[in-house]
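Asks: Chain by chain, the residues:
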Amino acid sequence: MTETREAAPGSLPIDLAIETHGLVKRFGHRSAVDGIDLAVPRGAVYGFLGPNGSGKTTTIRVLLGLASANGGEIRVLGREMPQQLASVLPEVGALVEGPGFYPFLSGADNLLRLDSADRHGSSATRHRRVNEALDRVGLGHAAGKKVRAYSLGMKQRLGLANAMLRPRELLVLDEPTNGLDPQGTREVRSLVRSLAAGGATVFVSSHLLAEVEQMCTHVGVMSAGRLVAQGPLDELRSAGQAHVLVRTPDGERAARVLARLGLVPGEAPGHGVIQGNGLDGIEPEEIVAALVADGVRVRGFSVENATLEERFVSLTGEGFDVVG
Amino acid sequence: MLVALAAVPILIALAVKLSSRPATPGRGPLFLDRITQNGLFVAVTALVVCVPLFLPLTVGVVAGDTIAGEANLGTLRYLLLAPSGRIRLLLVKYAGAVAFCCAATATVAAAGALAGVVFFPIGPVTLLSGDTIGVGESVLRSLLIAAYITVSLLGLSAIGLLISTFTDVPVGAMAATIVLSVVSQVLDNLPQLEWLHPWLFSHHWLGFADLLRQPVSWTSFGENALLQAGYIAVCGALAYGKFTTKDILS
Ligand SMILES: Nc1ncnc2c1ncn2[C@@H]1O[C@H](COP(=O)(O)OP(=O)(O)OP(=O)(O)O)[C@@H](O)[C@H]1O
Ligand SMILES: [Mg+2]
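Taken in sequence, the protein lines are chains Z and C.
Counting from 1, position 172 in the first sequence corresponds to residue 172 in my numbering; the numbering is continuous, with no gaps.
Counting from 1, position 131 in the second sequence corresponds to residue 131 in my numbering; the numbering is continuous, with no gaps.
Be careful, since some hints might not be right.
Claimed, not checked - If you want the footprint, here are the derived chain Z segments under chain C, 3+ residues with CB under 8 Å: (1) 60-71; (2) 99-111; (3) 299-308.
Honestly, the hints are just simulated from the structure, not real lab data.
Even glycine gets a Cβ: it sits at the ideal position worked out from N, Cα and C.
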């Protein structure tokens, strides 16, 4: 059933769970998604990042066949979409733009109803699967409560339970930790890890970069409808500039040394800390040696990789206003 | 809503029972004057009273809510992702609306029969053709009328379903459906628009008098069924076209 992408010469073929080429979705004349080429390897935990209104949810809707694309190709689990929608969706668990449930039914009844809407869900195991999913998201005790009486985080958890009603090959989670308490957030993280460990691919959109750094293996960054970066997390992070931090009382002298070595010195947050940017081709130990040789009293020295946040801001811009 | 529907025949029965003045024949709803002599007429009278407004109202609410209600709750996307399939979902939703039509008329008829038995004497019924039929036969005729009215409401249900695929606001779809049912009846009463009348989905709504003759004349039943089937086909096709290509952005 699985198909592989045409491999570039000399490289191994990569088995992709989600693959798009030039995907476009327009609302009126505005492109919400503007020709993106997603490549989500199987088994990856793919963090889909981007500022508000950058087109993450819209992309997810199109991937799942809720909305039709205006252009481009989509393959999900190796099958053409939306032609093979009916055979792909049973393998996909999804949480799209928040949960949606009947307020007058209990959590368990909601899941039962959604599961019975799916012809592929066996009715013999339905109750057991619903209870297991509820236990997995920590809603075992609130299963009989009406959804009307659920808190935001409880609804979010119920949405996650719905995505996991059956074993899935692919999970598409749109901001799964939205509204969750710290325990819930941790729980989701370990849930995502355990799903990935079980062989599933997880495609998760989020704003919480720290979250993404902790659980994702791959990252894609959206900005104003375009995919501005994509790749393994480490690659993306190391593409950002690393810098050194020198803790010293001799700030000026240290800055001179750093400048002589070709780094760009700057004030770092914290008292008595000098930052040196542009660590290209210089080994950290050479810097320390040069500092000490010049009589700089080095009390601390560290090499910092660019954080995902820095990388994210440099990719998507500092501006706070939503690109409309 | 079914409870509200059941209240109609009971109210009618109580009103007739408690009023001292005998109802003047020919005034008020059809058969109202006959209720005191024969409780079996309560059901038929109640159905007649409900056809122009009360039943279309409830059917409009149910049919208008079908798709738009799910979209509004955000459950539509999860039903489609389950996956339930768009065509299947549309069919199931229409079947639900049809089931409601059956339940609605059956409720009115049953509550009417019950109220009739409780408050009034029961006896053989004289039909419009002058023949007299027994109690069993007349119950059968009441059911026939209920079936006729159910069929009458199927076209409206299809219209409601169609409107419901166009919006995420269920109240809007409900209101539009109900307004259409009123407009159709108003147009049906304008003699200047006679050419239009046979095409109005409400044209045969009160045409079940034929079922109260001996032998039963099926012409109006057939014409009504054909008209409603036409509405189901057209609205169903349009709803299919709209819903299967629609972007679900709710
Ligand atoms: N139903 C709609 N009609 C018109 N435009 C829309 C619609 N839904 C979204 N958009 C536009 O598409 C763009 C992308 O929206 P989308 O919801 O995909 O953003 P997002 O990345 O999910 O944002 P967030 O992080 O806030 O969830 C936005 O500019 C938005 O205004
Ligand atoms: Mg979003």
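Asks: Is the coverage entry for the segment 299-308 of chain Z by chain C consistent with the three-residue Cβ rule at 8 Å?
Replies: Violated, because only 0 residues of the segment 299-308 of chain Z bring their Cβ atoms closer than 8 Å to Cβ atoms of chain C.
Asks: Check whether three or more residues of the segment 99-111 of chain Z sit with their beta carbon closer than 8 Å to a beta carbon of chain C.
Replies: holds (count 5)
Asks: Counting residues of the segment 60-71 of chain Z with a beta carbon closer than 8 Å to any beta carbon of chain C, are there 3 or more?
Replies: holds (count 6)
Of the numbered hints stated above, the single one contradicted by the structure is hint 3.
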